[in-house]
Structures are given as C-alpha cells and as structure tokens.
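Chains as they are written, first to last, in full-length UniProt numbering: chain Y, 1 to 246; chain C, 1 to 246.
I should point out that these hints are in silico values taken from the structure, not numbers from a laboratory.
Among the hints, erroneous ones may be present.
One copy or two, it doesn't matter: identical chains are merged, so the pair holds either way.
[Said to hold, decoys possible] Subject to a maximum C-alpha distance of 27 Å in a straight line, what follows is the list of computed DSS-like cross-link-like pairs (lysine-lysine):
(1) K92 <-> K161
(2) K140 <-> K92
(3) K121 <-> K24
(4) K83 <-> K140
(5) K121 <-> K75
(6) K92 <-> K142
These numbers were taken from a predicted model, which means no experiment stands behind them.
There are 2 protein chains.
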Amino acid sequence: MRRVRCIVQYDGTNFAGYQVQPGKRTVQREIEQALTMIHKGQEIRIAASGRTDAGVHAFGQVFHFDTPLSIPAEKWPIVIQTKLPSDIVITKADYVQEDFHSRFSVKRKTYCYKIYTGNHKTPFKRNYAYFEQYDLDINKMKKAASKFLGVHDFTAFCSAKTEIEDKVREIYSISVEEQEGDISIQITGNGFLYNMVRIMVGTLLEIGRGTRPVTSVETALQSRFRQDAGKTAPPHGLYLWSVDYE
Amino acid sequence: MRRVRCIVQYDGTNFAGYQVQPGKRTVQREIEQALTMIHKGQEIRIAASGRTDAGVHAFGQVFHFDTPLSIPAEKWPIVIQTKLPSDIVITKADYVQEDFHSRFSVKRKTYCYKIYTGNHKTPFKRNYAYFEQYDLDINKMKKAASKFLGVHDFTAFCSAKTEIEDKVREIYSISVEEQEGDISIQITGNGFLYNMVRIMVGTLLEIGRGTRPVTSVETALQSRFRQDAGKTAPPHGLYLWSVDYE
Numbered sequence: 001m002r003r004v005r006c007i008v009q010y011d012g013t014n015f016a017g018y019q020v021q022p023g024k025r026t027v028q029r030e031i032e033q034a035l036t037m038i039h040k041g042q043e044i045r046i047a048a049s050g051r052t053d054a055g056v057h058a059f060g061q062v063f064h065f066d067t068p069l070s071i072p073a074e075k076w077p078i079v080i081q082t083k084l085p086s087d088i089v090i091t092k093a094d095y096v097q098e099d100f101h102s103r104f105s106v107k108r109k110t111y112c113y114k115i116y117t118g119n120h121k122t123p124f125k126r127n128y129a130y131f132e133q134y135d136l137d138i139n140k141m142k143k144a145a146s147k148f149l150g151v152h153d154f155t156a157f158c159s160a161k162t163e164i165e166d167k168v169r170e171i172y173s174i175s176v177e178e179q180e181g182d183i184s185i186q187i188t189g190n191g192f193l194y195n196m197v198r199i200m201v202g203t204l205l206e207i208g209r210g211t212r213p214v215t216s217v218e219t220a221l222q223s224r225f226r227q228d229a230g231k232t233a234p235p236h237g238l239y240l241w242s243v244d245y246e
Numbered sequence: 001m002r003r004v005r006c007i008v009q010y011d012g013t014n015f016a017g018y019q020v021q022p023g024k025r026t027v028q029r030e031i032e033q034a035l036t037m038i039h040k041g042q043e044i045r046i047a048a049s050g051r052t053d054a055g056v057h058a059f060g061q062v063f064h065f066d067t068p069l070s071i072p073a074e075k076w077p078i079v080i081q082t083k084l085p086s087d088i089v090i091t092k093a094d095y096v097q098e099d100f101h102s103r104f105s106v107k108r109k110t111y112c113y114k115i116y117t118g119n120h121k122t123p124f125k126r127n128y129a130y131f132e133q134y135d136l137d138i139n140k141m142k143k144a145a146s147k148f149l150g151v152h153d154f155t156a157f158c159s160a161k162t163e164i165e166d167k168v169r170e171i172y173s174i175s176v177e178e179q180e181g182d183i184s185i186q187i188t189g190n191g192f193l194y195n196m197v198r199i200m201v202g203t204l205l206e207i208g209r210g211t212r213p214v215t216s217v218e219t220a221l222q223s224r225f226r227q228d229a230g231k232t233a234p235p236h237g238l239y240l241w242s243v244d245y246e
C-alpha cells in the first residue's frame, strides 16, 4: 500500500459541503465513489485537510488515500478525473510517506474571500463572490485587518457550535486588495475555527461600511464575546485557497 | 401604453436557451412571467434583439415591452428584479419611441467568445469559457480573423438549418486578445446567422491548433461550403456582449 496526496479544486455551489452526509451530494462522497470504482469495488476512504461548508469553494484542498495500485503519480489526476463530475477537478497528485496526514500534518492554511461591488449584481458572479451594494472604505478594512495578525484567542470569531476547547490561533498574514471593484481578502494562519474566516470577513465588511468602528477587532479579540464581532459572511465568497505542509 | 427597453444579463447554463419552448426553462419565459406578475396577471410579451442557444450567455441582451404602468425608467430594473431568479439580472431600462423594436432596429451586435488554456480544466470556468488543452498560435488566429472583416457571404459559416436566404453580412471589427492564458474573441457586425459566431470561432480554433491553414477563412468565404469551415465551437464560451441601435 502506498499513500497518495491529491490537490483538488471544487465549485461548492451544488454540494452540501465537503463531508459525507447521508443522502446528500458532497465532495467527499463523489471522490470516494470515483476511487472505489477505480479500485474495482474495493472501498476507498479519503482524508482531507478539513471540511468546507455548503457553497464554499476550494482552489487547493488537499486529501490523501492509500492504494495497492501501481499508477505513476502524474497519471493519478487523469485516472480519477474520468470518474468525477465537472465541478470537481484533481489538479495534482504525488506519493507521500506513510506518516503524512492531510489533516494532522498541516502547517498553514490560506483562505480567500471574494467580494464585488457595483450598481447591480451580475449573474456570472452570483455563486463565486459576495455582492456589496454600498461603497466600502478599503483603508479602514486594511487597518482593522492588521489587528488580526499574530497569536490571539478567537472565541469571538467562531461559531457557538465550535467544540474545540483551544481557541488560540496564529494569523501569519492578511491582505485586503481591491482591483476595479473586486475585493479579495486573503488570510493565512496555522489553523482556523468553525466559521472563523467568515466571521472575520463579516466584521471587516461592517467596518468597511462604517457601521462598526475600526477598533472593534481589538475589542472582540479581547472580550471574546461573539456579539462583539460582525455577522458571518455568506459561504459563496469563500475559497479554501491552499494548504501547506512541513 | 409606453414602450420600455431593458438591458439584461443572463447566465445561460441552466436555460434551454432564450426563446420560449413548451415545458422548458427559458430566459424569455422567466422575464414574461415576472412582467405578468408585475402587471397583476395581464399577460406581457417581450421582444428581444434575437435568440441565444442553450448554454449561451448574455452580457448585454436587449428586449422591449409595452406597459400601461407609470413607473420611472430607473425603477424598472429594481421592480422586475424582485420577480426574477438570480441567473437573470436587468441592468438598465429606459422609455423609447413606439417605433423602436429590439430586433428590427438593431444597427450592430457584438459577441464575445471566451477560451482558457492550461494544464487542466478548472471547475470555476467550466460553464463560462471553452477549455483548450493545447497551445494555440494566437498570431495565426489574428491573421485569419482579419479575413472576416468587411462584407461577405457567410453561407459556409452558418448552420444548415438557417432559413434566411440572404447570407451576406458585414463584420465591422474582430479582435483576438490573450491575457495570461485567457483568450477573448470579440466580433462586431451588422447581423449574425444561426451558429455563425460559433463556426467562425471553431474555424479560428483549428487554425490556432495548426490543424487547418490560415488561408482557410478566405477559402470557405469564397467556396460557401460548410465543410470548408471548422467545427461549431461549444455554446458555453459564447456571450451576446452588446447590441447597438440607431
């Protein structure tokens, strides 16, 4: 048996999220079904770097599986693709050590949140970016975003459903960039809690609109009260951008 | 009664084309249903600049309708939008003279065909651009495209189903532009026959791949044989870009 690591892109629009759920179309299920077919019915399970919610996209999700088949690494994406629907694309594969684990070996993850502004929505972005009708003050958003940098307790920036006790995470970088009305917020950290990126972005959006003070990021990080942070931004603007390993 | 002209964007992915067909989800049907609701059940019919096929998108389709309602022009997009699904967006409306007709008053139309190249498909463009796996020779495509300029008989570049007798059309401009692997072919003319843009693009694609000589555009324009032109490019890369009137 050898362990294969794959990088996968998916359009989250028509999935009930990444993780297998009974009776639902999920990314994990589609990939496991494809691999099971390739292994002539032998059930193959995959492990990914983490879940993504319904509507959330992936530009560089990572998963691994173990296989008895001797297929050259560069052929794996082509072989798996023949059994996959067009909203999931395997972009790369390689063989890794047995102690590699897509989830437990993660060193850093990067998420990207896309926003577009303008006079009206456009049908071409409706599933791929969040539409903001009002002008956003990018400089205020940049200033507030920088306060997330470093090690913080993110209790105020995660869903009440979060079961993990340790809510301390480190943010290595965060950028807010605008180009012709398209805004990208890119965040790299050592780990992210449930809904953490979407609540961080929701808070920055309210700051950009002027309905929340720039200082509220610091306030919420210190108070650890969920009510001190902004609303959870919708899923369809969010992309799991890349995952880095040791 | 006053005549209202609207500009509309739509994502053609989930439509069986523009024109009403029994039992099918079409753009015309969705808009007519919306307008009929706004007119409290009074049936409203719309006339567009022309049809688009299943999978074809519109960035600037134009249609008109007649109404007894006194709604300010700038409010019409908002009013109609409340009754429309998210894959159709009205971007502009104005009142026009009674003798204006979305189809018969057309002066020029512009189409855009989007192609992307790379090592693999991406799920995010699968419905919005044509994927070309092999390198395309852009200079050959530009050279061949320029031969479409001017007045020609486009018999070789339309579907055999075309019922219109006069197949002479004038192309005012055609451009082939590449940016980081994304190629856009933009074509403006006084009118287009059934499948004409897709056959023009299909021919340019084969020229770009090197499987067809650059001179074949001139050959096919002169011979008027459909077999002398390339295959019909798929619908999902095509956008009705804009329509100009007198």
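Hint-by-hint comparison with the structure:
Proximity of K92 and K161 under a CA criterion of 27 Å is satisfied in neither setting, with 34 Å inside one chain copy and 43 Å between copies. For the identical chains of this complex, K140 and K92 are neighbours neither inside a copy (38 Å) nor across copies (32 Å), given an alpha-carbon limit of 27 Å. Taking the closest pair of Cα atoms, K121 and K24 come within 27 Å of each other only across two copies (25 Å); inside a single copy the shortest separation is 29 Å, beyond that limit. In this assembly of identical chains, the alpha carbons of K83 and K140 never lie at most 27 Å apart, being 47 Å within a copy and 36 Å across copies at closest.
Only between protomers do K121 and K75 lie at most 27 Å apart by alpha-carbon distance; the minimum there is 15 Å, versus 41 Å within a single protomer. Proximity of K92 and K142 under a CA criterion of 27 Å is satisfied in neither setting, with 34 Å inside one chain copy and 33 Å between copies.
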